[in-house]
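Visitor: Protein sequence lines, in the order shown, are assigned to chains A and B.
Residue 531 in the numbering used here is what sits at position 531 of the first sequence, and the numbering runs on without skipping anything.
Residue 178 in the numbering used here is what sits at position 178 of the second sequence, and the numbering runs on without skipping anything.
One should not assume that every hint holds.
[What the hints assert, rightly or not] What the simulated footprint calls covered on chain A by chain B, stretch by stretch (three residues with Cβ under 8 Å from a Cβ of chain B suffice, anywhere in the stretch; the number is not a length):
| id | region |
| --- | --- |
| 1 | 332-343 |
| 2 | 391-399 |
[Claimed, not checked] Restraint ranges, calculated between C-beta atoms of paired labels, are given here:
| id | chain 1 | residue 1 | chain 2 | residue 2 | range |
| --- | --- | --- | --- | --- | --- |
| 3 | A | Ile450 | B | Ser53 | 34 to 42 Å |
| 4 | A | Gln337 | B | Val8 | 47 to 55 Å |
| 5 | B | Ser60 | A | Phe549 | 41 to 49 Å |
| 6 | B | Arg24 | A | Ile145 | 16 to 24 Å |
I should point out that these hints are in silico values taken from the structure, not numbers from a laboratory.
We put the beta carbon where it would ideally sit given N, CA and C, even for glycine.
Letter by letter, the chains look like this.
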Amino acid sequence: MVHLQLGHLGSAAVFLAFGLALYATVVGALGAVRRDARLQTSARLATLATFLVVATAVAVMEAALVSNDFSVQYVANHSRIASPLWVKVVTLWAALQGSILLWGFLLTAYTALLALTAPLSPLRPWALSVLSAIQVFFLGVVAFIANPFHTLPNPPADGPGPNALLQNHWMMAVHPVLMYLGFVGLSVPFAYAMAALITRRPGNEWMVQTRRWALTGWGFLGAAIVAGGWWSYEVLGWGGYWAWDPVENVSFMPWLTATAFIHGVQVQERRRMLKSWNVMLIALTFCLSILGTFLTRSGVISSVHAFADGPVGPAFLGFFVVVTLFAFGLIALRWDQVRDRAELDAVVSREGGFLAGNILFLALAFTVLIGTLFPLLVEAVSGQRVTVGPPFFDQVTLPLWMLVFLLMGIGPLLPWRRADGSSLRRNLAWLAGGFLVAGGGALLLGMREIYPTLTVALAGYNLVSLGLLLGQALVPRLRLTSRSPWSVLWSYAHESRRRVGSMIAHLAIVIVALGVAFSSGYRVDQQVRIDFNHSATFQGYTLTPVDRFLDRSASRISSGAVVQVSRGGRQIATLRPRTNVFGSSQQPVSKPAVMYTFTHDLYLNLDNTIGPDTTYVVLRAIYSPLVSWIWFGGLLFVVGVATSLMPARRRLDERRTVTAGARAAGGAAGAAGDSPEEAAEG
Amino acid sequence: MRRLITVVAVVAVLGGLFLYGLFRGPPNRDVPSQLVGKPAPDFTLPLYTRFQSRFGSSFSLSAHKGTPLVINFWASWCNPCFEEAPLLESAYRQYRSQGVLFVGVQTQDRGQYDAGRSFISRFGFDFPVGMDNDSSIGVNYALFGVPETFFVDRQGIVVYKQVGPLTQAVLAREIEAIVK
Chain A
1 MVHLQLGHLG SAAVFLAFGL ALYATVVGAL GAVRRDARLQ TSARLATLAT
51 FLVVATAVAV MEAALVSNDF SVQYVANHSR IASPLWVKVV TLWAALQGSI
101 LLWGFLLTAY TALLALTAPL SPLRPWALSV LSAIQVFFLG VVAFIANPFH
151 TLPNPPADGP GPNALLQNHW MMAVHPVLMY LGFVGLSVPF AYAMAALITR
201 RPGNEWMVQT RRWALTGWGF LGAAIVAGGW WSYEVLGWGG YWAWDPVENV
251 SFMPWLTATA FIHGVQVQER RRMLKSWNVM LIALTFCLSI LGTFLTRSGV
301 ISSVHAFADG PVGPAFLGFF VVVTLFAFGL IALRWDQVRD RAELDAVVSR
351 EGGFLAGNIL FLALAFTVLI GTLFPLLVEA VSGQRVTVGP PFFDQVTLPL
401 WMLVFLLMGI GPLLPWRRAD GSSLRRNLAW LAGGFLVAGG GALLLGMREI
451 YPTLTVALAG YNLVSLGLLL GQALVPRLRL TSRSPWSVLW SYAHESRRRV
501 GSMIAHLAIV IVALGVAFSS GYRVDQQVRI DFNHSATFQG YTLTPVDRFL
551 DRSASRISSG AVVQVSRGGR QIATLRPRTN VFGSSQQPVS KPAVMYTFTH
601 DLYLNLDNTI GPDTTYVVLR AIYSPLVSWI WFGGLLFVVG VATSLMPARR
651 RLDERRTVTA GARAAGGAAG AAGDSPEEAA EG
Chain B
1 MRRLITVVAV VAVLGGLFLY GLFRGPPNRD VPSQLVGKPA PDFTLPLYTR
51 FQSRFGSSFS LSAHKGTPLV INFWASWCNP CFEEAPLLES AYRQYRSQGV
101 LFVGVQTQDR GQYDAGRSFI SRFGFDFPVG MDNDSSIGVN YALFGVPETF
151 FVDRQGIVVY KQVGPLTQAV LAREIEAIVK
């Protein structure tokens, strides 16, 4: 009797899903060409079926992982009986094959959701067909090139367990999922943009229908980048969060182009300009996300992140070439339709600001791309091996970032079409005041380094800008009501969610920027050797290693030191930096201990191995000012994006009258930043 | 049409570059060193007392012209240094008859003379070991970290540099290269 194994079931599901995706692509396209509603419906139902079948495959893999079924090769290679349950569950994306399965799963989930919720339009069948075609690629890779469901005739009794770095911190379970949610979310507007080009309808329709998807994908990608930085900070032991490593860069580039897209979309909504820009930006974003996967999964660019050189490199390269040719070829063919006809009325206007910002974001993305590909280029041309490190990226991107900051403050205050001279001058005076006060304060407090000081000044400038925006929206409302300012603010936040969401996101960026500027400009990094029960001082803290410990559990051994931290004779924290060894891997991974505070972090990483007879510890002690602001800013960014995404609630009649009155009053006052966004909302 | 050709050309160039990257063979992950192929920088290293009767109070590189040298940088807090220390000592005992001399340089370890002494007695080093208290020798040799080992031939030229702990195979291969 043939014994049916989980692996067979999973493989069958993956092959079936591949077939369904192929069906949805071809039949969907055919239905769109022939305008045949039955074919279109059939393709739409096929996307739902694909999702269900891939969900089954994922469930099968999870069942195999949780039940320690080592007859499945992926489980045998990457799981281990002694691992805790959560580690087994997340082992699905601990290695290449599983993470591509997860990517495929999320893609089918988004496509199915879109198939269920997207309004009927001439774009929908093509968009679903494009998404199904992307599924064909991912599911094809899962089925034919990196199939995690291969079965072993003689299964081992236990496996080695997942990568030690994955088990070392729970964030590693979250970060990849956020990243894929970002990439997949951004493929929805890409698919709609392609549908718009195919159907020669490059108007606003595709953008309006995918605004939420684009924002969601962009928000997830941003969250993934911050989460990755925090993970790196928490586990890698050097006290940093960003090293301009290729793996980081390739996730950053699509975020930059998506940022440009998110802003460009608003110009197209309002002024029907930047049509070609927006199509190109979303195509670029999607192509960069595929390029990034290719670069990091193929070993083409050497990186400190040890990804195995898998078999998927050529497949991703092929897909990148096909996607780029398709997307940009289509744009070239439809150029006459996407070309802008409207002209910029004035450079100093909201749309001018958006355009300048877009150029900066694109320049940033291009810089990062050049820096990432340069070593490969040099090697191809001259055979020399070079490395492009943080100095290049810092020097080139910092001035661009400062300009982005400058625009971020003034842009939202500029009116559409043309700025009116007197209100522009008044706003500029306020902004300059914020810049000078904050910058002067920084100088008085002894800051001398150029970029951190400039960042502080620009942060002041941006805070003033946010205050002006809020004031211009609230003051006319307050004049018309007897309600308290808080309740007016609250109802404004409910009414203009896009506006308020963008203010929160911009505030988040200010906070992150301050965190980055201080933690990189004023960090102190020192190696100290301390005997047990002796003390050393570091940045005003007294560090006393009082004990050593060794924890042994079935899945890991960790050894470390108990370090008491005191300041001014008062003990304030006990930190336990340690070294973990997971399972059968002999590779020890460090787990630094961090004391988080509002103004600075104290970060201790163990540089020696603590054994039973060790009499001293070697600590890498790092003092990082404001570093926790980056994580807080990342959270706030997510809150901002979520605020923008929430549907505007229909308000009570009484409130609606007040708002209408306020809007009229605001219009009469002619405030430069008076926001007509509410009209665009909903 | 012209735009389409531009797109195809750009994609072709990028695709070609990545194809090259994909098929260029395994990447070489060696840390390059400016010192390889150049004369080893001279230094004077104050030696621990136990070596002074045989090697003098300090070891000076320029005084050992014509001798193949293995210069090993280590620190008392460095675990890989503990790992490679027995290999180093056994290789020294095996090859010293062929005229090769080893030198141990304790570096990035300011003031840790006691720890250094216990390290030396633990592994019974018979070759000269001294303290680079201000790590200046380490700086001149552009250390990436500890341990690092430099192989210097009879002409005083650095032939090979090992970053990280040594293996038996590397030691044997590189010593053969400098004694010949």
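Visitor: Against each hint, give a clear statement of whether it holds in the structure.
Guide: So, going through the hints one by one against the coordinates:
1. 332-343: Holds, because 3 residues of the region 332-343 of chain A bring their Cβ atoms closer than 8 Å to Cβ atoms of chain B.
2. 391-399: It is violated, with 0 qualifying residues against the three required.
3. A:Ile450 / B:Ser53: 34 to 42 Å: violated (57 Å)
4. A:Gln337 / B:Val8: 47 to 55 Å: violated (20 Å)
5. B:Ser60 / A:Phe549: 41 to 49 Å: For Phe549 of chain A against Ser60 of chain B, whose Cβ atoms are near 46 Å apart, the range 41 to 49 Å holds.
6. B:Arg24 / A:Ile145: 16 to 24 Å: holds (21 Å)
Hint compliance for this structure: hints 2, 3, 4 are broken, all remaining hints hold.
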